[in-house]
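Number of protein chains: 4
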Amino acid sequence: MSLSLDQIKETLRAQRIETPSWAYANSGTRFKVFPQPGVPRDPYEKIADAAVVHRLTGIAPTVSLHIPWDRVDDFTKLAEHAQEQGVTLGAVNSNVFQDEDYKLGSVTNPDPRVRRKATDHLLQCVDVMDATGSRDLKLWFSDGTNYPGQDDIRARQDRLATALREVYDRLGDNQRMLVEYKLFEPAFYTTDLPDWGTAYAHCLELGPKAQVVIDTGHHAPGTNIEFIVAFLLRQGKLGAFDFNSRFYADDDLMAGAADPFQLFRIMYEIVRGDALDPAYGINFMLDQCHNIEAKIPAIIRSVLNVQEATAKALLVDRDALGEAQRSGDVLAANAALMDAFNSDVRPLLAGLRAENGLDPDPIAAYRRSGYQEKIATERVGGEQAGWGA
Amino acid sequence: MSLSLDQIKETLRAQRIETPSWAYANSGTRFKVFPQPGVPRDPYEKIADAAVVHRLTGIAPTVSLHIPWDRVDDFTKLAEHAQEQGVTLGAVNSNVFQDEDYKLGSVTNPDPRVRRKATDHLLQCVDVMDATGSRDLKLWFSDGTNYPGQDDIRARQDRLATALREVYDRLGDNQRMLVEYKLFEPAFYTTDLPDWGTAYAHCLELGPKAQVVIDTGHHAPGTNIEFIVAFLLRQGKLGAFDFNSRFYADDDLMAGAADPFQLFRIMYEIVRGDALDPAYGINFMLDQCHNIEAKIPAIIRSVLNVQEATAKALLVDRDALGEAQRSGDVLAANAALMDAFNSDVRPLLAGLRAENGLDPDPIAAYRRSGYQEKIATERVGGEQAGWGA
Amino acid sequence: MSLSLDQIKETLRAQRIETPSWAYANSGTRFKVFPQPGVPRDPYEKIADAAVVHRLTGIAPTVSLHIPWDRVDDFTKLAEHAQEQGVTLGAVNSNVFQDEDYKLGSVTNPDPRVRRKATDHLLQCVDVMDATGSRDLKLWFSDGTNYPGQDDIRARQDRLATALREVYDRLGDNQRMLVEYKLFEPAFYTTDLPDWGTAYAHCLELGPKAQVVIDTGHHAPGTNIEFIVAFLLRQGKLGAFDFNSRFYADDDLMAGAADPFQLFRIMYEIVRGDALDPAYGINFMLDQCHNIEAKIPAIIRSVLNVQEATAKALLVDRDALGEAQRSGDVLAANAALMDAFNSDVRPLLAGLRAENGLDPDPIAAYRRSGYQEKIATERVGGEQAGWGA
Amino acid sequence: MSLSLDQIKETLRAQRIETPSWAYANSGTRFKVFPQPGVPRDPYEKIADAAVVHRLTGIAPTVSLHIPWDRVDDFTKLAEHAQEQGVTLGAVNSNVFQDEDYKLGSVTNPDPRVRRKATDHLLQCVDVMDATGSRDLKLWFSDGTNYPGQDDIRARQDRLATALREVYDRLGDNQRMLVEYKLFEPAFYTTDLPDWGTAYAHCLELGPKAQVVIDTGHHAPGTNIEFIVAFLLRQGKLGAFDFNSRFYADDDLMAGAADPFQLFRIMYEIVRGDALDPAYGINFMLDQCHNIEAKIPAIIRSVLNVQEATAKALLVDRDALGEAQRSGDVLAANAALMDAFNSDVRPLLAGLRAENGLDPDPIAAYRRSGYQEKIATERVGGEQAGWGA
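Residue numbers (the working numbering), protein chains in the order written: chain A, 1 to 389; chain B, 1 to 389; chain C, 1 to 389; chain D, 1 to 389.
Bound conformation, chain A alone:
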């Protein structure tokens, strides 16, 4: 089962990571958003930035959209713009958390009018998918409560199930629903989709087009994420990742920055479950905020971190690992895994890039390209895109 170098390279060549349009825009904490020079002012400029990341890394050919942040009059035109830039439009993310009406929830709001409005927005996102040709509708809800007693926990589940069903039934044949969960924030007492179990139970009841999405920053302290990966793969219900990293809560730092060993363990479960190939159907997305660091190189760095973790996972000598596991040799089994993690895969990946006609060092290439200076100069006037834009 251990792979040859050629097999490893071939697998790495096929890897795909999707970058999010909003990560190119301004973002921040509740305390402050620090704007950066050259930040995109509209969806077209976001896609241009994403295309730069793809041109330099070679493995980021799709861009997630966020509706209404990325709403345009003509999505066909936006899709054509993407294609001209060398990328395509990816998952459509709904946003039912930035309207006054959603103060006490969107699809789980006690007020039926607000639930209708929120569900209608989700249905419109499917319309957008029809226009863009996107396969994936990613649903994250900020819905929850801040105080014990504020609302009925169970009734909110009923409302959630009703809305999900209506949207599910609207999906086309080649469309999927990705259901995201999150422990807390912005709701502080209950969240209506707080953990993978809740998302899984809803997806199971909805049907095969509903799949769970794992955001790596959305768990309680001490949660073993690679276990969830392995379990959902076994159940056939892992649809996507939102990669990022965190030290405390949903910090949305660059993937692999806070715990590179965890990212490696996650990617090992993907490799072990034969789920890396795009044909398997998992959408490997980034979902990050670059609050204080330069945005485009931060996204490049994140893509490279996922790629390096994947290369290490592919290096695992699975024959040796399996033998040690079967014989109960705890230290030898751990060593087999660590041997791969402790390897330096950067030369391998630099070589692979060169073979593919890319610069071996995408970060350096970006710095040399002059793109940052160009957008800082050109993107003056207009309103910078941000979390609310």
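Check each hint, because a few of them may be wrong.
If several chains are the same, the list does not tell them apart, and a pair holds so long as it fits within one copy or across any two.
[To be verified] In the DSS-like style, the derived pairs of lysine-lysine whose C-alpha atoms are separated by at most 27 Å in a straight line are:
#	residue 1	residue 2
1	LYS77	LYS32
2	LYS374	LYS77
3	LYS374	LYS103
4	LYS103	LYS32
5	LYS32	LYS117
6	LYS103	LYS117
7	LYS117	LYS209
8	LYS209	LYS237
Please keep in mind that the hints were generated in silico from the structure rather than gathered at the bench.
Source: prediction; values computed, not measured.
The hints should help you fit chains B, C and D onto chain A, whose structure is shown.
Leaving out everything else, chains B, C and D in the frame of chain A:
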């Protein structure tokens, strides 16, 4: 929906809490077990102690057994002994974690011989249930790994599913399987049943006789347990509780001692879900360790804590609560819940006990009874029961 | 040591809680700020709202300011306005986190120009104190880093110490510096003042005018806050509280809402340490965000929660408690504490208010007062105050 | 400031790690201790095992003792035995947690008789140090409480201070006291030394011979340990490490196994603070439990993990790092650190070992040595050493 005092009393009269045989025995941490005078030396003495708790509280008429800790030659005789004492035998708990063979797991062990042995033990527990007339088989597995790579996460799920299936198929018509989950300890890297989602998914595949058991100490920091209660009730998959309390990990302190407000919120979801009545089928068990405090009064205290939380939950003015929730009045809704929590239900419960011919103050009654002195004197010689006994 | 009812009432009459100007204004999460009708548009209106809280509760006679949010041309005039309303100006809070320059830190910024600017702001806050007659300068820094390597952890401590020293030396005879710590947010990897130990060490080096402030929401999961209270009291270094409550991170919910038992334990340590009396010098402040609930009644509710926790703490039979503790009776000692917590102190406090000429139910009195409707009508036009305003 | 390869090698040659006698013995969780063949039966055999680790790694020349577990009639003889084996006796660890008397605490016990007994034990440990020539007395207390109200938090601090003072005053000129802290376990509500701040405050009051020891497994979730390292170095109060690793609580796994990136960050702060050299005075100890893995190779693996993390820390290009930090280039600064972490230092260390006449692969050398088979055969009969032995 708000209840009259008579309805509240009637409901409280019907409440049932099961106490665990092992809580009457010595227990401790990995650092030290502090033995206590008068501790039982065999299952018969454990049941005698449990009977004292029931006589004083009036709501703890059943006792959970732990096999092999409570193995006796003749379970019919043990059941008769219980009946003479005024209690009956409750859930049977399997123990597949204290044999040398289980060092790397029981039903998920990489060695098929060990898996066979562990599964056979579970089947024997069903034999015990046949003898004792117990309805519930409670399964907790210490299975997991300590180091990344130590074993294959997904293969262990396959092994777990196989063992559970075999035991499930052995269950009689009136028997159930209660599947327990736990975040960590004694396994430190992965646990094969780490969270409610995993237990739920297995129970769903097994069938209607498999239900999830919530141990209130088995969660990651920040987990909202009452959400899990509400969700599992909605799915019809909540089979039992293991009550205890904790500040950090699985501290196994007296129920309600660490966070009485959380216990109240849990019991409110039970009341709201009409799941308190024994006919609903939830087994409300304690699962605690009294390492430094006197054991019998600690169990009485725990039973009372659950009862007080229940009484408060029953006091909630659900009409006012529902109206505030529907109108989106966050503060009024919170206040409706808090009004019940802030009430002092001890006079109500003391009165209820008096009406039922019990001492209004079970702790004081125990102290006056001389039972503690009696067992300290009589139970000399022999080996005290403990976690390994 | 147990108190008579008269002593309890006298103590409760003397209790003082300070409310924060910014809690009357709009606030939110990074996802959304939901504006509310009637929110103040300037510091004068904030103080008017705070005065309402004091008139109804009788124990909230001071208001914390935040600079520059509450900057006015003439602080003497603001102080007079406060006095007319029946309140006085309290602690001055510095804000060195909402300027572009502070992206990588304020007083710990690697750039000396930014450090100078930040320190100058702190010095200006002391000028404000001179004008308002405030005793307390409360310092919270968002300073920290998001990524390993981003800056030198130890050098930042040197810079922090330098700035604190300069400001400390500027304090007048009757002025104090309150140093606040926080685990994380908005910095995600390191925070320069992450825990009480760091704040304590700096305060110790600065001198007697520097004291630690405990914000109850600023700790790692599982931190025992009452231990910190007891320890800092023993060291003579507890200067103030920022009360609020939380389930996960720094949720800034109403004090006592998430864990009323914890608030009681904290207030018990205050009572046990004879530190409740204003003469002791602790500033008991609220620091909260009312994102979805009505602001003024939420603050009233928080004041009442602290008051109720205090009343329960005063009810503890300390003679019985001490005796049980000394004799090693774990259950009796715990019961002595719980007996007070389980008491319903609301009738006592309602009576106390009536004796003092206040409405026994401040929340109901507020609802009846028409103030909410009045401000919703009158405060139209202008810009609502908020976290950035 | 960046080091040449020669400087790196020289530094690595001087590195010293102390291994703990108890890690060679049986250990386990509260659920089960799994005995292993060949485990030592007395302190002499433990030292023999430690000597093997030193012969293979070249950097573990000292062994920590635990009293009374390692009590012998003649410590001079034990010291000679160690010297014959090529190692010396290191820190003396007190044990005041495994006697019936310590159920409610040792030096903080409410009973003065127990406090006297515990303090006397600590003084006897200094006698042992006199006999063994040990410099360090390591103090860890399991003291704390399980239930709110159980004992007076502040009075326990007074008792703790009294005991520490008496022991401190007994120390010889070249002896030190290392004060360890721990969040929880075995106490579940309060711990009398729960965090570094408490240990630091006590050490500061005691004097220069009292230093803080950081056990890497003793923190709340989300605690930034390298911050504490940097801070204590700045204060001159970091005396020692107890290395191990953890996913959840105090798991006591092999150092570097759970989070190798964290270990690297810790060692980087040590390198940055010029504190690696033995002359600086930090005692770098392991404190681990090998519950399911073979003990001697697990300790070798841990020593190598610390060594590899150190080598990576030494590889950091501190010139580049400092420049990026000073210029506020977040990504470049992070990259400078990560560049070192992502390097594979195993060839460097293998070469270094070969230069020093050691086998390049200590684990393989141990497996080949036949030592494990030898002790499994020879150490039959007698009682295996364990946590209680």
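Status of the hints after comparison with the structure:
For the identical chains of this complex, LYS77 and LYS32 are neighbours neither inside a copy (34 Å) nor across copies (30 Å), given an alpha-carbon limit of 27 Å. With identical chains, the CA atoms of LYS374 and LYS77 are at most 27 Å apart within one copy only, with a shortest distance of 24 Å there and 51 Å across copies. Proximity of LYS374 to LYS103 under the C-alpha cut-off of 27 Å is restricted to the inter-copy arrangement: shortest distance 23 Å between copies versus 40 Å within a copy. Within a single copy, LYS103 and LYS32 get their C-alpha atoms as close as 21 Å, and across copies as close as 9 Å, so both meet the 27 Å cut-off.
Only between protomers do LYS32 and LYS117 lie at most 27 Å apart by alpha-carbon distance; the minimum there is 18 Å, versus 30 Å within a single protomer. In the homo-oligomer, the alpha carbons of LYS103 and LYS117 lie at most 27 Å apart inside one protomer (13 Å), although the nearest pairing across protomers, at 38 Å, exceeds that limit. For a Cα distance limit of 27 Å, the shortest separation of LYS117 from LYS209 inside one copy, 23 Å, qualifies, whereas the shortest one across copies, 41 Å, does not. Taking identical chains as interchangeable, the C-alpha atoms of LYS209 and LYS237 lie at most 27 Å apart whether they share a chain (9 Å) or sit on different chains (24 Å).
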